[in-house]
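The task is simple: from the sequences and hints, build the whole structure.
As numbered in our numbering, residues 1 to 189 make up the sequence shown, in order.
These aren't lab readings, by the way, just hints derived from the structure by calculation. Accuracy of the hints is not assured; some may be wrong.
Said to hold, decoys possible - In silico lysine to aspartate or glutamate, EDC-like type, Cα no more than 20 angstroms apart, as pairs:
no.	residue 1	residue 2
1	Lys-68	Glu-35
2	Lys-113	Asp-123
3	Lys-77	Asp-39
4	Lys-65	Asp-51
To be verified - Listed next, with one range per pair, are the computed distances between beta-carbon atoms:
no.	residue 1	residue 2	range
5	Ser-159	Leu-83	43 to 51 angstroms
6	Ala-152	Asp-39	25 to 33 angstroms
7	Arg-187	Ala-152	15 to 23 angstroms
8	Ser-56	Ser-159	17 to 25 angstroms
9	Thr-119	Arg-62	34 to 42 angstroms
10	His-155	Gly-122	40 to 48 angstroms
11	Ser-151	Leu-66	15 to 23 angstroms
12	Arg-160	Ser-81	41 to 49 angstroms
13	Lys-26	Arg-62	38 to 46 angstroms
14	Met-141	Phe-69	20 to 28 angstroms
15	Thr-87	Arg-61	35 to 43 angstroms
16	Tyr-154	Thr-120	34 to 42 angstroms
17	Thr-186	Asn-82	48 to 56 angstroms
We put the beta carbon where it would ideally sit given N, CA and C, even for glycine.
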Amino acid sequence: MSSRVFIDANVLRSRVLIDWLYHFRKHAVATIELETSLDVIHEALYTLRRDQPMASDLIIRRRLKLVKFLVDEIISKSFPSNLQSFTGTDVHDYHVHAAAIHSAADFILTANKPTDITTTPGDQPYRIVHPDDFFCAIAEMDPSAFASALSAQYHYWLSREAEPLLADVLRKAGCSQFALLVEKNTRLS
Numbered sequence: 001m002s003s004r005v006f007i008d009a010n011v012l013r014s015r016v017l018i019d020w021l022y023h024f025r026k027h028a029v030a031t032i033e034l035e036t037s038l039d040v041i042h043e044a045l046y047t048l049r050r051d052q053p054m055a056s057d058l059i060i061r062r063r064l065k066l067v068k069f070l071v072d073e074i075i076s077k078s079f080p081s082n083l084q085s086f087t088g089t090d091v092h093d094y095h096v097h098a099a100a101i102h103s104a105a106d107f108i109l110t111a112n113k114p115t116d117i118t119t120t121p122g123d124q125p126y127r128i129v130h131p132d133d134f135f136c137a138i139a140e141m142d143p144s145a146f147a148s149a150l151s152a153q154y155h156y157w158l159s160r161e162a163e164p165l166l167a168d169v170l171r172k173a174g175c176s177q178f179a180l181l182v183e184k185n186t187r188l189s
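Below, the structure written as structure tokens:
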């Protein structure tokens, strides 16, 4: 069974989260369709530039290339501007709700509070999931994919540092429970 996962800007803004998503999708038995919208990509690139104003334009080009490589679909169809189903507390997340509705997403992957997007989760066709919970769920459902993703990430970080600090970067990215799982499994290997 395939799950459509709509990715929010705060996930695309994080290189750590993008890398784990890539490896999980590459190795998972279950099909995970990753999608986002042009609005979300623009928001992610805006925050990247805002946080690194003096960086070369290569930082934007590389992130855009990485996002295009990661996602299966960039939703380009227009979505309505007046959906009554939006009950979120952050009007700036209307576009996330509307695009997820329009694309028939099963999940919205975001580091936001769920109430930013909807205060009526039971009435929505999607479920909001935090990257920490999402990664833990995949690791539990597909231990082989988790082992492969962990190995790939470990070797990547090993090539950059003497001792890969996978759990530390995951904690900084807001994935504390998944970081514990990674720590536990790196000690076992």
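These are the hints, each one checked on the structure:
Among the hinted pairs, Lys-68 with Glu-35 is consistent with the structure: their alpha-carbon atoms are about 10 angstroms apart, no more than 20 angstroms. Taking the CA atoms of Lys-113 and Asp-123, the gap is near 17 angstroms; set against the 20 angstroms cutoff, the hint holds. Only pairs whose Cα atoms come within 20 angstroms are accepted, and Lys-77 paired with Asp-39 is accepted, the gap being roughly 11 angstroms. For the suggested pair Lys-65 and Asp-51, the alpha carbons sit about 19 angstroms apart, so the restraint of at most 20 angstroms is met.
The beta-carbon spacing between Ser-159 and Leu-83, approximately 46 angstroms, falls within the hinted interval of 43 to 51 angstroms. Judged by the Cβ atoms, the range 25 to 33 angstroms given for Ala-152 and Asp-39 holds: they are separated by roughly 31 angstroms. Distance hint check for Arg-187 and Ala-152: the Cβ-Cβ separation is about 18 angstroms, which falls inside the suggested range of 15 to 23 angstroms. At roughly 23 angstroms, the beta carbons of Ser-56 and Ser-159 sit within the given window of 17 to 25 angstroms.
Between Thr-119 and Arg-62 the beta carbon distance is about 37 angstroms. The supplied range of 34 to 42 angstroms therefore holds. Distance hint check: the CB atoms of His-155 and Gly-122 are about 42 angstroms apart, consistent with the given range 40 to 48 angstroms. With their beta carbons about 21 angstroms apart, Ser-151 and Leu-66 fall inside the hinted range of 15 to 23 angstroms. Our hint of 41 to 49 angstroms for Arg-160 and Ser-81 holds, since their Cβ atoms are close to 44 angstroms apart.
Separated by about 19 angstroms at the C-beta atoms, Lys-26 and Arg-62 break the suggested range of 38 to 46 angstroms. At about 24 angstroms, the beta-carbon gap between Met-141 and Phe-69 stays in the expected band of 20 to 28 angstroms. Taking 35 to 43 angstroms as the suggested C-beta distance range, the pair Thr-87 and Arg-61 conforms, at roughly 37 angstroms. At roughly 41 angstroms, the beta-carbon separation of Tyr-154 and Thr-120 lies within the given 34 to 42 angstroms, and the hint holds.
Taking the beta carbon of each, Thr-186 and Asn-82 are about 49 angstroms apart, inside 48 to 56 angstroms as hinted.
When each numbered hint is compared with the structure, a violation occurs for hint 13 only.
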